[in-house]
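> Same order as they appear, the protein sequences are chains A and B. Using our numbering, the letters of the first sequence correspond one by one to residues 15 to 80. Using our numbering, the letters of the second sequence correspond one by one to residues 19 to 411.
Rather than coming from a laboratory, the hints here were simulated on the basis of the structure. Careful: at least some of the hints might be erroneous.
To be verified - Taking lysine to any residue and the SDA-like style, the derived pairs with C-alpha atoms no more than 25 Å apart in a straight line are:
no.	chain 1	residue 1	chain 2	residue 2
1	A	K24	B	F366
2	A	K42	B	V399
3	A	K42	B	I22
Unchecked claim - Ranges of calculated distance between the beta carbons of each label pair, as one might list FRET restraints:
no.	chain 1	residue 1	chain 2	residue 2	range
4	A	D31	B	D397	23 to 31 Å
5	B	D397	A	L45	15 to 23 Å
6	B	Q321	A	E73	58 to 66 Å
7	A	P59	B	V393	20 to 28 Å
8	A	K32	B	L343	30 to 38 Å
All C-beta atoms, glycine included, are put in the ideal place defined by N, C-alpha and C.
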Amino acid sequence: MGVLFNLRTKVDKYIDDKKLDGAVVRGKIALQTGFLLALVSAASPDDPIKIEKLRKAAESVLQAKF
Amino acid sequence: MKTISIKTKVIMVLTFSLTVGAAVQVGLVRDSYERNVAMVAQSALSSAQRTFDSLKARQLSSLALASSALANVEAIRDLFEKGDREALHAYLTPLYNDLKSREIPIMTFTDKEGNAFLRMQNPKSFGDSLQAITTVRKTMQTKEVAAGVDLAKPGLSAGSCRPILGKDGTAIGYIVVGCSLDQFVVTMKAQTADDYILMGYKSFLDEKLYRNGRKARGQPDTWDQFGTILVFGKTVEPQPTDEYEKELQNLPAAGRLLERASVNGKTLVRGVFPLYDAAGGAIGGIFVQHDITALHLGMKRVQNLAIAAVISLALLLCFTIAIVLNRLVFARLRHTMDIVTRVVGGEFSQRIVPASGDEVGHLEELFEQFRTIFVGLVDDVSKQQAKDDEKSA
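Please work from the sequences and hints to get the whole structure.
Below, the structure is given as structure tokens:
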């Protein structure tokens, strides 16, 4: 438990650090993954498919390695 | 094609339509030009034919008058009847010189069998038969005055023949007065400003006589220039490449329009009308050249203007339609997509406000309703998730 949430946290931090437009970036990632980042919490189960989708979407939108 | 934007597709369709429109317009301009050229060419041909007929009629009338006057002079008749060639020549010399100065250089007397008795233009030549000359033959048959164009051994001429009547009223001989047709085309050019080439069939001529005549006048020998036909008068040099012989074949009485030509940067329309002798037989034709360079350049200018106008219109329309489409459709769609992205990204407070009641406005309204439902669902799920988290804690 927590891999998916950790990944979400990393993405949030990257957005904050780079001072990006959070709503737009998260929206683009959500549209690629098919689920809302806002609904990923610490209690969210570590679905490997969701984790992979989030990683790929984040890397594609942010052009960074996660 | 699927990846091309609607804006590009609309501009492509518009450009295609305008190009087709331009092509049609250019086609119409060309068609109109062709009709105008055909009309101008026909008009030039008819005008040339009328001018020639009018000049010929005037000339033949003068010749008929001269022959009539001569045939009725008693002294001339008496000298002719006596067969005194020298006395007749001496008597007629002042009168002949006067007529010659008025471009009537042919004055010939024949006996009643049509044999030359006296040629004022060549007194030493007599005794030969002139029956091959249509005008003479016609007068001998009808005993009436005849006038017309003749293509005979010496060349092409217009002439009038009338009988010289003896005291008993019978024909004792004939008098022929005539002029060359070579200068007709020069007079026609002065009247119409068009160029002419007068051609006739060589079969009516005597080659030796023709060649000697040209040589005596210091003119180049053109006997072999155009096959079975010969140039008798011209205001412009004939083109060696033109098929004059072929163009004279089966020529209708009203003449015929020929292929357009470009010579020394000039655009010319051409035509030819037939030349008939006194008996109505075809003996050649007159080629007409009318300069339409100004008309041709005018058409080119209109065509270029039409193309430039269509291109300008196409650019202006593309630009205007692109701006209008962008403002009415694409900018609003982009704005809606931006808000949907932001809402999905967690900024639930963003609202889509329809800008107008048009089709895109209806879509914006639909998206706003969808957004409201979506935000409500997310809110419910968030609350449920918070409760689950509390329970599990």
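> Hint by hint, say whether it matches the structure.
Here is how each hint holds up against the structure:
no., hint, in the structure
1, A:K24 to B:F366, "holds (22 Å)"
2, A:K42 to B:V399, "holds (21 Å)"
3, A:K42 to B:I22, "holds (22 Å)"
4, A:D31 to B:D397: 23 to 31 Å, "holds (29 Å)"
5, B:D397 to A:L45: 15 to 23 Å, "holds (20 Å)"
6, B:Q321 to A:E73: 58 to 66 Å, "holds (59 Å)"
7, A:P59 to B:V393: 20 to 28 Å, "holds (24 Å)"
8, A:K32 to B:L343: 30 to 38 Å, "holds (35 Å)"
When held up to the earlier numbered hints, the structure conflicts with none and fits them all.
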